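Residue numbers (the working numbering): 159 to 610.
Simulated from the structure, these hints should not be mistaken for lab results. What you are looking at is a predicted structure, and each value in this text was computed from that prediction instead of being measured.
Below, in silico cross-link-like pairs of lysine-lysine (PhoX-like), each with a Cα-Cα straight-line distance of 25 Å or less: (1) 279 to 246; (2) 508 to 521; (3) 279 to 316; (4) 521 to 579.
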Amino acid sequence: MAKLSRIANVDIALRTTAINEQSFSDMLILGSHVLSTARAMTITAADELLDMGLQDTDPLYWAARDAFAQIPAVRQVFIGRRQVDELKISVSRAVPDADYRVQLRWRDEQGQQLEAQVSYKALEADTVAEIASGLASAIAQTAAPVTATAAEAVVTVKNKTAGTALAVQPQGNLAMQVVPGTETVTQALSTIANGPFNWYGLVMTSRVIEDVLSAAAWTESNEKLFGTASADASILDPDSTDDLASQLQAKQYFRSFGVYSAAAAIQYPEAALMSSMFTYYPGQETWALKKLAGIAYDELSEGQALVAHGKSFSTFEPFRNFAVTQGGLTAAGEWIDVIRLRDALVEQIKVSVVSAMINADGKVAFTDDGIQMIGNAIRAPLDLNVRRGGIATEELDENDRIVPSYTLSLPRSSQVSFNDKANRVLRDVYFTARLAGAIHVSEIKGSLSYAL
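Input sequences plus hints: build the corresponding full structure.
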């Protein structure tokens, strides 16, 4: 039978390539744990960490708890792993005939995950020390690349080779506590960033100043957003220049923000605030005047609050029958929402322009029409952010003239140099957009009279 293509030859091209876009509404909590051999994992509720064997007294749980406690809150949180090479498993009590189980997971040299199940059945006369000894012996007999020793009611498990990815899940009257390792924050974040995890906001369980400064430095060069908190009273002291807030401000970090909280040792207001704000599109929010669920407020004097704000640290303070955040600045003095909007807009314009070029019919010609195609690709994300509220809508000035949301300047093809055309590089494309901003303070004056 003859083919119809002899009469009608039809060819349809696909110009439907979609580009993976960076998220600006996902956060990662970095902490030391042995819950997984992966460098990062996703949870949708804080209790998932408890199901994996984490104690409810662990800072990692506290940070996740405060993130998910908000109304509204992010749908998911990434949990980043800082390497741990030693942990302690405690036998909480001796129960005759009870099974004390430990699941071990590790990766071999080829990266394949292996697993071993360890169980010790308690005898009638066993003490907690004898149960710990029996459990340590059972762990040592597995193929897991660890050593296990018992002392009193505690089993100490150590990696034979530092840096080996190890996951441990105890069950049945057992409690686990990790011993912080030697891996630096920079090493951990660099490894996590190389993985397939799409996140923007960073929170860290560590309150050690050196760790916080390392995270801030890493964040600045990797276009993320880092939040921390501190209970250091020196932040409220105008004469202090070596507290965390002063050090972050002195380094002019545009991508790090801090919150003063007297309860920072057991609460994570930065995680709570980030989770709440990440439910908005970039530019739709301000990080000041926000309520935080489950976070203790600080009753500061006006002078103390002004000192903290002067160091670009936010506070969470009570006003009559409610408490809200005050500040909303990064360490360098820029509004947090402006940094997030800026980063999102950069990504959106990149994706829009590249999408227009790779899905074009053959090519984007170096003509006036081709240059307009690039211009339209830039206008699309600008218009999107006008609709979302990050960029101001068109307004009228005092003379009723239209003030546009943004201006875009494109060269004509005839204005482009021979060399740029030969190299196929389009230059001299500029735009200026008006930020919608936010009102944090209202100053209102009036007078009373018997006549107007």
